[in-house]
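Trainee: Fit chain B to the supplied structure of chain A, relying on the hints for placement.
Same order as they appear, the protein sequences are chains A and B. Just so you know, we're using the working numbering here: the first sequence kicks off at 37 and counts up by one. Just so you know, we're using the working numbering here: the second sequence kicks off at 37 and counts up by one.
Derived from the structure by calculation, the hints contain no laboratory data. One or more of the hints may lead you astray.
To be verified - Not close to chain A: a few residues of chain B, all C-beta gaps over 12 Å, as computed: (1) Ala168; (2) Glu354; (3) Pro355; (4) Arg356.
As the list claims (entries may be wrong) - Pulled a few chain B residues facing chain A out of the computed Cβ check, cut under 8 Å: (5) Gln75; (6) Ala78; (7) Leu106; (8) Ala112; (9) Ile119; (10) Glu120; (11) Val225; (12) Leu240; (13) Gly290; (14) Arg293; (15) Ile321.
Beta carbons: idealized from backbone N, C-alpha and C, even for Gly.
Protein chains: 2
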Amino acid sequence: MASTLHDVARLAGVSIKTVSNVINDYPHIRPATKARVEQAIADLGYTPNLTARSLRSGRTGAIALAVPELALSYFAELAAAVIEAADEAGVVVLVEQTGGDRDRELELLRSPRLQMTDGLIFSALGMGQDDAEHLERPYPLVLLGERIFDAPVDHVTMRNVEAARAATEYLLASGRRRIAVVGAHPGEVIGSAGLRLRGYREALEAAGVPYDDSIISETTTWHRSNGARGMRDLLDRGVTFDAVFGLNDTLALGAMRVLQEAGIRVPEDVAVMGFDGLDEAQYSIPSLTTVDPGQRWIARTAVATLLERIRRTDAAGEPRLLLADFHIAERESAPSEAMIGA
Amino acid sequence: MASTLHDVARLAGVSIKTVSNVINDYPHIRPATKARVEQAIADLGYTPNLTARSLRSGRTGAIALAVPELALSYFAELAAAVIEAADEAGVVVLVEQTGGDRDRELELLRSPRLQMTDGLIFSALGMGQDDAEHLERPYPLVLLGERIFDAPVDHVTMRNVEAARAATEYLLASGRRRIAVVGAHPGEVIGSAGLRLRGYREALEAAGVPYDDSIISETTTWHRSNGARGMRDLLDRGVTFDAVFGLNDTLALGAMRVLQEAGIRVPEDVAVMGFDGLDEAQYSIPSLTTVDPGQRWIARTAVATLLERIRRTDAAGEPRLLLADFHIAERESAPSEAMIGA
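With the rest of the complex left out, here is chain A:
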């Protein structure tokens, strides 16, 4: 039998009203009384009815996080950091997987489920710029990702173009000239793939290196298996290249595996660069040089921004665009010095 408010009041030797005040965290309760009630709650394993409580306070103490899928390591590490930051603020996280599908993303934005939470951190992948209006919802929302810009909501994201440009410049500075790309999305202008390819092209152009379609491999999703397939595709074309830029780490790791299966040495024959800064990239053979786009900062900033919006719905303020700093983590798959005679 679950215990009741009455049981707690009796055990603590206080009125029901006092127990209720402690549960609802009202001010002006004597510390000794508060401690006695909390001890009684713990002893009885009493669980106050939060549903009733949230009806009164208008807050649920929960936020939602929507990501394409946790099986993509980037989103698993992002979710871990979001849950950690929320936990520090005493808030729980409801995690939704959308599969990166536009219809499911739109459905989620309209879903009555969101009433269970005080706000949403939304990593859009299927929706595009034309869907910006759908982000105007009657609840606090922080947007992640790079599919939609200038929407009427706070947006926390990475510097995709600059970071990808820096990664490409790094490869060029180490003496590479034929830099293949794995994970491109044909025709995409914004989105991670579109922006990172733009950064790549800007770096090539600045260095006077021609852009060559024949060393660009396209894959819609970004799992390790896609990177492996993308590299097999490049090898089948019979084109030459001395570096590969995987548009994320898992693509780069899949591609690096296939290169080595084919007897191609990394980095001697082909240097490999990733993007994400996953933990995994430190342990591959060779370890993966990558761009750390500031994911941890993004997660913590998204939580802080959302909680601030939840607290001060009255003074809404202008939507903000918050951009993370990035840095290149130099490892074995792409050393920074030119390799003479390689």
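Mentor: Leaving out everything else, chain B in the frame of chain A:
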């Protein structure tokens, strides 16, 4: 301005009572009426107040999943599979990270937050057998993991002893005799580490191979970095071994990286075996031979079992122990044939 029940009723041309019936999914509503109401809800972006709704129905449509941390790939892949299975049943998932800490696990079990959900899938790591009584809670709970057995709740888990024994037998059959272990927990009897080490010892004993403490490396947590440190520790000891059994895949991957850094060939000099069947293990160099302990089945079975308990709280029935089948995924790091002359 958020729209109201009145707005929906007006747009759909029906009574408020009818809108309410559609939202609450009552039977005997004409399909055409239902469609009209749903269209009006979509057009207006109306979100019914679920908090009020759950007070009436006594259900929230949400379940909680507690795992040690999503940054451990095993739990990320588990959470992805749980969320997918729950989504198919129209249920959302609130994910909690406990850090594998006993106090935080116990606190979670008593937490009022759980009132926000209809039940809990609980992957315990810090709690032990003596804590079994704490699992007796006034809500549906399915236990995962191998820290507690014979508790008064449904338990879905893997066959740790048998699977680890099979992995060790596999290495012995391929001609290895000095099988080092990375990730052992000193003195642990149950728990993943304790049970897997028991399976390892059983296989050695059956083959007449002596157990040797000097090739057992201990690490409390199971990240890639722990596997790397464990292997450095073994190499520093100056002991000889011809195989390594990482008690999970990330340990094995960290260890494999350090072996190769030290110029030791995998599998020619030392074979490496993991445990978990992570996606990542297919792409390492060399690819990792591992035990797939049936994680996907565990996730789906846990969700189905919990939802069944939520539906029929009246007919509780005996707690069940549900065990997944396992299989060995043979890859490059430990081929099944003996390597002559290696």
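Trainee: For every hint, state whether the structure bears it out.
Mentor: Right, here's what the structure says about each hint:
no.	hint	in the structure
1	Ala168	holds (15 Å)
2	Glu354	holds (20 Å)
3	Pro355	holds (19 Å)
4	Arg356	holds (23 Å)
5	Gln75	violated (12 Å)
6	Ala78	holds (6 Å)
7	Leu106	holds (4 Å)
8	Ala112	holds (3 Å)
9	Ile119	holds (5 Å)
10	Glu120	holds (7 Å)
11	Val225	violated (28 Å)
12	Leu240	violated (28 Å)
13	Gly290	holds (6 Å)
14	Arg293	holds (5 Å)
15	Ile321	holds (4 Å)
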